[in-house]
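Engineer: So you can see what is in the structure, the chains are spelled out below.
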Amino acid sequence: MTVPARAWGAAVHAEVTVSDGGEITAVAHIPAGHPAFPGHFPGLPVFPAVGLIDLVHDCARRARPDLVRVGRIERCRLRGVVAPGDDVSVKLTMTRTGDGVRCAAKLRTSRGPAADIRLMCHEPPGAGS
Amino acid sequence: MGPADIIRIVPHRHPMLLIDRVETLCPGELVVATKAVTVSEPCYAGIADGATAADFAYPQSLLVESWATAAEMLMLCRRPAPHVDGGHLMVAGAIDDVAFHIPVHPGDVLRHEVRVVKLVADTAILAGDTRCDGELVAAFGHFVAALRPTESLRAAPTG
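Chains as they are written, first to last, in our numbering: chain A, 1 to 129; chain B, 130 to 288.
Treat the hints as calculated values from the structure; they're not laboratory data.
There's no promise every hint is true.
Stated by the list, open to error - Taking beta-carbon pairs under 8 Å as the criterion, some of the chain B residues facing chain A (in silico):
id	residue
1	Gly175
2	Asp184
3	Tyr187
Beta carbons are placed, not taken as given, at the ideal position from N, Cα and C, and that holds for glycine.
Turn these sequences into a full structure, and let the hints guide you.
Structural biologist: Have a look at this one:
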């Protein structure tokens, strides 16, 4: 199996747990040396919001590797800054709908809420049938 | 406007400076910007022999970041923030209702259009799309951004 292009490769390491009930929890460490930081921004490294969207998608793919692409970002509310060295905790629920799989996540750092993100991922034809 | 003009307005730098040119900039109304996707970008560093065409799809997160940087040109053109010590930056509050249509690949040129839907003081609701050769790549329904003091982006220490 080949590896698709990723925004920052495997720069963020996440420990992901999938419970029997289907809830996914993860803790992702944002390294101080993350490759986005030199450009976002010089003198004030802030983890890009789109990196949090990637993180939610990555967590969803641990449970469903076939959810290769996001079909829609339904909602992404940014609540707080994610900085170098932060650990980001993710609580993710995945629900099948007529349109695909809805991935709803709450992300936090030790300072408080970081983001609420809801993605709709399309299922490949024939998935789960 | 090329990169030399763009970095006089936004604080993004390599590898997060994800627009190449600004074709149209109407302050308070509209920006049109382009970005060429190339296979030498850092996102393709992990591609190995045997990769499929789908593996070369440009990451959706970077597509959103690229469109948002065009939005930032619109937000900051009257009050540039080329450095973080300039006193203010653009902060995104919501990225809602983004629909992805077709994937893009190295060799494609993205054309971002960002329109102001509503502007109240330093906060704007923006919308628009990204196209490639006229085909819809992504539609951005509701993007909320505001100009905020730089200090608001500094993470408070947690002890």
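Engineer: For each hint given before, does the structure comply? Return the numbers of the non-compliant ones in rising order.
Structural biologist: When the structure is compared with the hints, none of them turns out to be violated.
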